[in-house]
Amino acid sequence: MDITDLSELVHLHGKAIYRFCYNLAKNQSDTDDLYQETFLKAMELCHKIEKDNNPKAFLISISIGLWKNTRRKYARRQRIAPIDELNENVNINYISKDESSPEEIIISKESRIMIQNAADSLNDKLKIPLYMYYTAEMSNEDIALALKIPQGTVKSRLYKARKILKNILEREVSNYEKF
Amino acid sequence: MKNSESFNQLLKLTLTPTVEPSDELNQKIIDKLKENENMKPVSRKRLSVALVAAAITLTMSISAFAACNFFNPKQVAEHLGDKTLAQAFDDKNAIEINKSVDSGDYHFTLHGIVSGKDISDFKGSAEKVNPNRTYAVVSIAKKDGSKMPDTKDDEYGKVPFFISPLIKGEKPWQVNIASMNGGYSDSVIDGVMYRLIECDGVEMFADRGLYLCISTSSFYDIKAFNYNEKTGVVSLNSNYKGANALFNLPLNKTKVNHEKADKYLQELLNPAKDSSEDDNAQADLASESKPFGNLQKIL
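Quick mapping for you: the protein sequence lines, in order, are chains A and B. Counting in our numbering, the first sequence runs from 560 upward without gaps. Counting in our numbering, the second sequence runs from 38 upward without gaps.
The following block holds chain B by itself, in its conformation from the complex (with noise of 0.2 Å):
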């Protein structure tokens, strides 16, 4: 003991454990590193982009400023977990929007769509009645700057949000995402809220027009918006006590199908006796779904 190196050494010993990190758990540690690295904001100038924020909001209602400073639909459907749809947000079939309105104490931005079969990692029954699928990306924040309530916070769903596509010439309260076999599933990131959405596949519809509809209502919510019955154009109702927002889909014309369409509206607005395996699908979605929200189960 009188040999202080000796000591020292003793300690050295006897204080260095002989585990280690495991080659897995690094790994893994260098995985969620290059994953966050993927989910950075595309721009972190806060400052510049609340300028021109502040600008494009005294200007224009809709402006195309959002998406240098919002995560891209392919980000967002990237931390929900679903690779297979974030590569369909990269591929050039997906159309990237970046449409944003201001409406009461909401910034609503639309940023992207996508249609496809297969083009999603989460496959619920709703595939068995309509393999083709829209997909599209909203995120909603606060005018004020201040972050909306994470998914984990009780103040969280207390100010809903119904977010449909909309096809013109159909009752929107009759043809909505809830009807067509909807979802959709919520992430906060840096106190914005991302939705993804998805229901039947919409591009079929693209040469009569097709909406996107906001409103801060559980359902569609007929006081948000108008509806033409002689036109079947939808508008927004400016004098709602909420917020709603509507924007218009671009949707690829080269994929109408008129045949489909038809089929398909016959089928929602008159569902008489399908073939059993469409009840059975129906069912499902019944029982593992309430209004909608087979991806709210992924969550």
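If we strip away everything but chain A, and leave its shape as in the complex, we get (with noise of 0.2 Å):
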């Protein structure tokens, strides 16, 4: 792959990457910089990248790569500078029995900093296949390939993610309901 291939990358996967690493770093400024960083790590590496090798699996590896070793530097920015961007366009009708009051949406996004929070807390092991999973949109065999572990033990990490996740939502719903 040479460096026009890439530049193509940057349009054709650019957004998945950019969100994958927003999950992981957390802050804008920080977003920014490794994912450029991806890229110019990409360069470098290009000539092992090949164009009909799914290269988007391996501009994540090297996103992961960064952002393990730097990952001190964005957690304590993460500490300082908490999230607080909102989709106010998240559908999130099917946790609400009824039709959406205001009240509804305030607990929709809740339930979303909540759902978020808990993925954060997820150890890495977890936290990495589930954002690859979602927020990349990668298959099973994709982040397979890109982590270097069997495709089971992908779906092993993201079942037991799901059911962390389920576990945490349902307890939470269940106190505002109570309450």
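Because the hints were derived from the structure by calculation, they are not lab data. Keep in mind that the hints are not guaranteed to be accurate.
Claimed, not checked - Derived CB-CB ranges, DEER-like:
hint, chain 1, residue 1, chain 2, residue 2, range
1, A, Lys714, B, Asp227, 37 to 45 Å
2, B, Thr55, A, Glu700, 24 to 32 Å
3, A, Lys714, B, Gly118, 17 to 25 Å
What the hints assert, rightly or not - Straight-line Cα separation of at most 35 Å, DSBU-like style, residue types lysine-lysine; simulated pairs:
hint, chain 1, residue 1, chain 2, residue 2
4, A, Lys600, B, Lys180
5, A, Lys574, B, Lys120
6, B, Lys297, A, Lys707
7, A, Lys574, B, Lys65
8, B, Lys49, A, Lys627
9, B, Lys297, B, Lys120
10, B, Lys184, A, Lys627
11, B, Lys278, A, Lys610
12, B, Lys205, B, Lys179
13, B, Lys71, A, Lys607
Positions of the beta carbon are idealized from the N, C-alpha and C atoms, including for glycine.
Hints given; two lone chains; assemble the complex.
Shown next as structure tokens:
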């Protein structure tokens, strides 16, 4: 793969990679850095990237590597720059029994933040495949390829992650209903 | 919550931020990719280059092999962010030299030289004194293959290098880059140090004979070179304890200007009362840079 191909990947997979980076870095400034560093690192390694062999998975694996290397920096900043990005358009009617009311919108936002926080609190082994699957929209096969683990392990980790998140959400919803 | 598909959808929506990379960020990355591509060494055949280098080292001390694995002057100027100078090095007026000399622990290569007016993006007060400038690119590599210290390293500068044009017939300790409003920029790429030097234009002296000297010293070191006052010839002192090298500068003789050259030397060697404008320019020079280095400010 040459630089022209790599430039095409910026347009082709940039959005998914940026969002994945955002879920790791948690603020725009660090996301921009991580995203940019991902492509610059990819440039150094472009001779290893095959155009037809899932370059997105390769790029995501670079992001993970870079993020792990700078985890302390990102973690420190995250503590002083909490997440404030909210998606007003998120459709979460399926957790509401009735038509949306102002109260339910608040619940929706709270639920969303709750899930995000719960996902963030997962350990890396569960969190990273989760973000790869849901944020970067990668298949189990691609995740296995990028993380160099068997597909069965990917499935198992995703299952555990979902289970933990589901339990947290159910518990919180239950607490809210009691309240 | 019983519906796993709905839960999947919830996770998908929740864990997908709405953020996107800005167009500017994407363009910046693409520009950097292109820029870095341009900065790649001309050849990556390190093994073959090493073999060639070894063979040449055995047979001769001066060679013209260097161009194949070093950056060329245009690339060095680009790396230093001087696009206008990069273009100048690509111009027909630029002279590609690519001569190498081994001395001490170092492998010196003179890559190329260019002279002219307004050929750099970085203009200092030196241009007020003399708008015609000469620029040359020299690389310094370790002979044993180890890396030169990066400019950010503590080791950088511990071994100084003095690189300067010299004019045949002029005392080199009087007429050198330091007295000719000179400056330099260093950049270390892949363990090779590239120095871009600049000074007042020397093309006007082309018919007299010009040299480019290198020595491991902070200023011109009279121990590194011999100067024959009768003939005006500068030669290498092979007994010098440091590393030294001397190249001939094959400049364009059509640019020779005896009248201008004499006037320039007269002013340089007899810095009496210049015009007030020149005084101001000289004052600027003195205040902004110690022995030379208006380019150092850029870095």
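Going down the list of hints, with the structure as the test:
Checking the proposed 37 to 45 Å range against Lys714/A and Asp227/B shows it holds: the Cβ atoms sit about 44 Å from each other. Taken as a hint, the range 24 to 32 Å holds for the pair Thr55/B and Glu700/A, whose Cβ atoms sit roughly 27 Å apart. Range check, Lys714/A to Gly118/B: about 50 Å between beta-carbon atoms, so the 17 to 25 Å window is missed. Proposed proximity of Lys600/A and Lys180/B is supported: the alpha carbons are some 29 Å apart, at most 35 Å.
The straight-line distance between the Cα atoms of Lys574/A and Lys120/B is roughly 32 Å, inside the 35 Å bound, and the hint therefore holds. Taking the CA atoms of Lys297/B and Lys707/A, the gap is about 70 Å. The hint is violated against a cut of 35 Å. Using a Cα cut-off of 35 Å, the hinted pair Lys574/A and Lys65/B holds, with the two alpha carbons roughly 15 Å apart. Pair hint Lys49/B plus Lys627/A holds up; C-alpha atoms about 23 Å apart against a cutoff of 35 Å.
Restraint check: the Cα-Cα separation between Lys297/B and Lys120/B comes to about 29 Å, which is no more than 35 Å; the hinted pair holds. Distance hint between Lys184/B and Lys627/A is fulfilled; the C-alpha atoms sit about 28 Å from each other, no more than 35 Å. A distance of roughly 55 Å separates the Cα atoms of Lys278/B and Lys610/A; the hinted pair therefore is violated under the 35 Å criterion. The hinted pair formed by Lys205/B and Lys179/B meets the criterion: a straight-line CA distance of about 29 Å does not exceed 35 Å.
Between the alpha carbons of Lys71/B and Lys607/A the distance comes to roughly 18 Å, so the proposed pair stays at or under 35 Å and holds.
Hints 3, 6, 11 from the earlier list are contradicted by this structure; the remaining hints agree with it.
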